[in-house]
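These protein sequence lines map, in sequence, to chains A, B, C and D. When the letters of the first sequence are read in order and numbered with this note's numbering, they come out as residues 1181 to 1285. When the letters of the second sequence are read in order and numbered with this note's numbering, they come out as residues 2 to 478. When the letters of the third sequence are read in order and numbered with this note's numbering, they come out as residues 47 to 701. When the letters of the fourth sequence are read in order and numbered with this note's numbering, they come out as residues -12 to 149.
Keep in mind the hints are simulated off the structure, nothing from the lab. Take these hints with a grain of salt, some might be off.
[As the list claims (entries may be wrong)] Computed footprint of chain B on chain A, listed as stretches where at least three residues anywhere in the stretch have a Cβ under 8 Å from a Cβ of chain B: (1) 1212 to 1226; (2) 1240 to 1250; (3) 1256 to 1262; (4) 1266 to 1273.
[As the list claims (entries may be wrong)] Looking from chain B toward chain D, a few residues come up when the C-beta cut is under 7 Å (computed): (5) 51; (6) 52; (7) 98; (8) 135; (9) 136; (10) 142; (11) 146; (12) 192; (13) 195; (14) 197; (15) 271; (16) 275.
[Claimed, not checked] If you want the footprint, here are the derived chain D segments under chain C, 3+ residues with CB under 8 Å: (17) 30 to 39; (18) 71 to 78.
No residue lacks a Cβ here, since even glycine has one placed at the ideal position from N, Cα and C.
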Amino acid sequence: MAEIGLNHYLTLSALVFCIGLYGVLARRNAVGILMAVEIMLNAVNIALVAMSRYVGPGGQPTGQIFAIFVITVAAAEAAVALALLIAIFRTRGTVDVEEINLLRW
Amino acid sequence: MELYLIFPELVLLLCALLVIFSDLLGARKEALAGLAVLGLLIAARLAMELVGPDKGGVAFAGAIVVDDFALIFKFLFLVSTLLVVLASVEYVERFEGVAGEYYAVLLLACVGMMLMASAQEFITLYLSLELTGISLYTLTGLLRDARSSEAGIKFLLLGAVSSAVLLYGIAVLFGLTGTTSLPQMAPAVASGFQENRLPLLLATALLMAGLGFKLATVPFQMWVPDVYEGAPTPVTAFLSVASKSAGFVVVLRVFHTALGRDPLAADWAAIFAGLSLASMTLGNVVAIQQGNIKRMMGYSSIAQAGYLLVGLAVVPQSGVSGVLFFLVSYTVTNLGAFIAIIALSDKLNSDRISDYAGVWQRAPFLASGLALCLLSLTGVPPTAGFFAKLFIFNVAVQQNLLWLVVAGVLNSVVSAYFYVGVIREMFLGAPVDRTPVAVAAPVALALFLAVAGTFILGVFPGPAMSVASAAAGSLVP
Amino acid sequence: MTTEQIVWSIFFSPLAAFLLICFVLRPAGAHGLAGLATIVGVAGALGASVVTFLNVLAVPGHELPLADYPWLTIGDLRLHLGLAVDSLTSVMLLVVTSVSLLVQVYSLGYMAGDTGYSRYYAYMALFTTSMLGLVLADNLLQLYVFWELVGLCSYLLIGFWFHRPAAAAAAKKAFVVTRFGDLGFLLALLALASVAGTLTINELFTEHKVAALVGASFLGVTALTWVALGLFAGAAGKSAQFPLHVWLPDAMEGPTPVSALIHAATMVAAGVYLVGRMLPLFQHAPAAMAVVASTGAVTALMAATMGLVATDIKRVMAYSTVSQLGYMMLALGLGGYVAAFFHLMNHAFFKALLFLGAGSVSHTTGTFDMRYMGGLRRAMPVTFWTVLLASLSLAGIPPLSGFWSKDEILATALAASPGLFWLAMATVLLTAFYVFRMLLLTFTGEYRGGGAAEAAANGDAAQGADAHGHGGVRLHESPSVMALPLVMLAAPAVLSGLVNLPTIPALDDFLMSRTVRETLEAHHVAFNPLLAAFSTGMALLGIALAWLVYGVKALRADSLGSALGGLPYRMLYHKYGLDFLYEKVLVGSLLYTVVCGLFAALDRYVVDGLVNGAGQLTRGLGRGLRRVETGQVQAYGLAIFLGVVVITAVAIVRG
Amino acid sequence: MDYGYSLSFYALAGLTVLSSLLVVSLRNIFHAALFLVLAFVGIAGIYLTLNAAFLAVVQVLIYAGAIAVLMLFAIFLTRNAMAQGNPPGRLQASALITAGLMFIALAYSFANSRWAPGPATPPDIGPELLAKELFTTFAFPFEVASVLLLVAMLGAILLARE
């Protein structure tokens, strides 16, 4: 078992990112997609925090600070997304993204 | 304190809060618009104070920089917001009593964009980008009908995904250089190019995708037609100019400041050349097929992004000045077109191009204004659009990008089909009914300003070109 | 006023009329005054042009020194805003303003009562302004700006009667087809700016600029040749040269005075003007010169054959215009600078006259279809005689103006290229034939019912071109406001050849201004009496043939009819009228089916096909690509990520 | 070699990956949301192994707490969508391929990177340091974030009002 280093964390981050990416592209429930987006953002945070630990002579708080801001933005975005979903649900009665396709071509 | 450097933004923030409170206190809608206009004018006046080589500066621990390059964009955002506010005075009826909030969010979006223009550190950049983004998602869904909400959710989901992509790119750059500050990144990027070519190219691709979403370039453009069609028309206008310019200011600053040295610069320039070709071709070819004018303008904006990217395919300073002049003329032109479209589609109650038949006889001013702006988008002299293209193509010819220029010129022939198609419908079509279309005074004023700008830039482009070159000089020495 | 102010006033006078109509007369509802405003504006320009002409004449070297003003700087390229007046410009100014003035006067009668009266005059004023701006420009960018503006006015005027779908379609076709040519023009401008570093016309001719252009090359061809070909592409679009000629016949959907001014006398000649102006550059690119010459010759011949069979009088004229413009290009391609402009000038007068005559005829008969005309000679003597003079001039009968210039072109061709000469000579025969066919069908024989008959034949009332005449109630001469311009145009149509007689080559001397003399290798060809006699003979032969077929009807109608069998003959007779039976049998079977059919097929399937095909292809592509936009947000997301993957892959592979 | 450290990393990584996979593959949207909480907790654990205790707390409070609850609200508010759940869409196969390609691109690039040199021992980035940074170096983005939250609040109200 090799010593755990930056690349382990980055590989984990990449894996989680791509799982989120798959979820965004493959699931039909808009709430599910939102959850997958959150997973992607978390993957980025893993990378940022890992770099905070491993990069720079004395470590860099910047990475962790960045992660805190990402979490903040994610919460804000989730709130607006939820509001939009409620508006859509009111007019359409569904949050299935494959049925949300009035606008096309 | 360096607070004075962000006075314009602070004034707008304050103005946005004032608008909300006045709305709560029951002020009339026109007064709210007036308040917003006042705030924008004061902000512009304050921004004027910062113009000049030794007026601006770096502030807040390197988070932002105020230089001529940032300021030219700030003025663009202020002007766009101003014209959109003026053009919305009738349209806000559709927002069911939230007119005040609409203006406030518009102003906050403008604040976000102005900060994007100044940000030279990735955390600030990301936050201002998201500030803009969240405001725009809100504005897009504001009508809350089926189409508007659909546009909103599509915009938000794709926006969130592309910011995740952008963040990943930033994270990689952070890991390679240990900093989030663009100027501090540059030497590390340049010195590490040989051994870190692979992650640098990956980061470049991720940044391109994340920011390409804002620029609306192929293949990150697919949200554009849907969102343009579904969003409230003034918001579409705002998206098509301000949001695009905001994307360009970030792309220019990030790529030229942090990644601007060869050989990485040659790599991204070549990729941008490819994206440029794809964007203009796809935009123009598909626009021909559109029957909805907002959707058509969506494809048109993709095509225009393609022309703009010609300037990013050119690394030296001339490329930046080409993009700047193009953006200035594109902003006035496209806004002019949209102001006319807002007024017309509001009264015709339709966005179908076929319903514009004979509009010339019902609203000669709107129709002539729209026609001039569409000709400018086609690139017919003497309009702003002609010199914008000439300028940017000339820059590309100097850099031996002849193939791209030929493609661009060919594309502008193709674009004549659909732009002139609208003009033909308006001027040479037979109207169904002949009742004159009334135009509210603020809308007429906004259209007049935009059209005058389009025409003046088309006859005397000299001063604007020098300003663009000077501003480019503050980004790329 | 100073010389310079006078020159500027040429440009501003019609512009003032345009602004007056747009911002004062139309909003005030004073539509009736629009015509007067334009006429005064153009008359002012004509006056100033005459004074300018005299000034140029008086100056040694025939060039006016005019100031220019800094306009814009693109990189190292400094552009100035300025006017340039030399002998060529002054002649063009006279032609444009005089024809324009007469057409505006004529339009008072022709457009009387039209709902778009003031709009029409606004466009016309804008057009005249732009055309004058084009002629006066001292740099190519400025020229290009006005080049596009005249195109825009042409677009608006072709589609003027927007209630007719054909007009709108024709307008769009004209706009898009000429833009294809302008593509070349714009690229040439960019190349010139980049290689030569200037767009000022006279600076481009200096030795080191030419050397720089010859020195640079792209794909093994010199930059100069590319530039010349690009400029010629633009010129071919405007001047309706093969294969970009397809828009001009359709453009006849516009009002007839528009056809006379824009699509015969001035705008379509702008291409010739451009190539001629730039001839000192072109002459260093022999390949481009060859392209110009052969395109011109082929266009001249091809358009003439198509003119043989058109039944719409304006389309005959349109093909004739294309053909004559081909002549001019042929002359330029062979270095015949003076010959080309001499012909341009003469053609402007007699062709404008022919168009106005056609308008006059349709004003009375209510149709443009010659199958429903006939016998108008007695009813419309002024129109008949003036059109006859113009026709003789076009056919090249001495001593009318067309003869002199055409002869100069033929002489140039004979000296340079026997192949092209014979093409041009064949065109002489065809030209004489189609113009007299037109004349005989329209003015001789019996009247065949005009617009009413046409409507009856077609079964609907709104058919035909801009026929808004009186449906053949009572044939009469056009009002004097229309007849007077015909007479006034007849004078130059007959006499303008006299400015460049073989013995007194006044125009020859005048046009060779200082710059031209210094930069252009003159190709002066001596007058050849034998050639003149031969070409006159050919023209007379063409007239005679037309006379045999349409005039005296050498083959008697009834014998022909019995030969064909009674019933089909009678059907044809009633359907087409007698004269057309001859055409169907004689001209139709021989010429139409073989030669013209060939060209028509080429035109329809190859040229039009290419233009339409490109459009179809683009549309098909668009139809396919729009399906990518499925409305599925996840498909859009997929594109983003595939984009990332592809960009990364490309970036890695590139390095 | 610190086996405890390695072991805890692999355990937490496994937990995170597995829960994330379940989030994007379960048809029952409610269950998916619960696994999302689990994934967030796993990631909080990862932060602990990175000496980022403060961030781990934030992660649990905001993500596992606030955002996951928001998701549950969303699920309950769009009730009859619950029955339909979160079925796979048409693009499942292409999504899988794209995600795979993306992973290859990312992992391959990371493996071939030379990151900026770092400290030998884990640096001590405690809440004090973070707070100090947040209110000095990153004071400006902090203020921008507050405006952003204001807009989000405004937006949520505007879009979801009756």
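Against the structure, the hints:
1. 1212 to 1226: holds (count 7)
2. 1240 to 1250: As far as the stretch 1240 to 1250 of chain A goes, the hint holds, because 7 residues have Cβ atoms under 8 Å from chain B.
3. 1256 to 1262: holds (count 4)
4. 1266 to 1273: The restraint on the stretch 1266 to 1273 of chain A holds, since 5 of its residues have a Cβ under 8 Å from chain B and three suffice.
5. 51: violated, 17 Å
6. 52: Violated - the Cβ of residue 52 of chain B stays beyond 7 Å from chain D, reaching only about 22 Å at its closest.
7. 98: Hint on residue 98 of chain B: violated, closest Cβ of chain D at ~10 Å, above 7 Å.
8. 135: Where the cut-off is 7 Å and the nearest Cβ of chain D is about 5 Å from residue 135 of chain B, the hint holds.
9. 136: Holds, about 5 Å.
10. 142: This hint holds: residue 142 of chain B lies near chain D, its Cβ roughly 5 Å from the closest one there, short of 7 Å.
11. 146: violated, 12 Å
12. 192: violated, 11 Å
13. 195: Constraint on residue 195 of chain B not satisfied, violated at 10 Å.
14. 197: holds, 6 Å
15. 271: Result: violated, 19 Å to nearest chain D Cβ.
16. 275: violated, 18 Å
17. 30 to 39: Answer violated; 0 residues pass the 8 Å Cβ test.
18. 71 to 78: holds (count 3)
Of the numbered hints given earlier, the model fails hints 5, 6, 7, 11, 12, 13, 15, 16, 17; all others are met.
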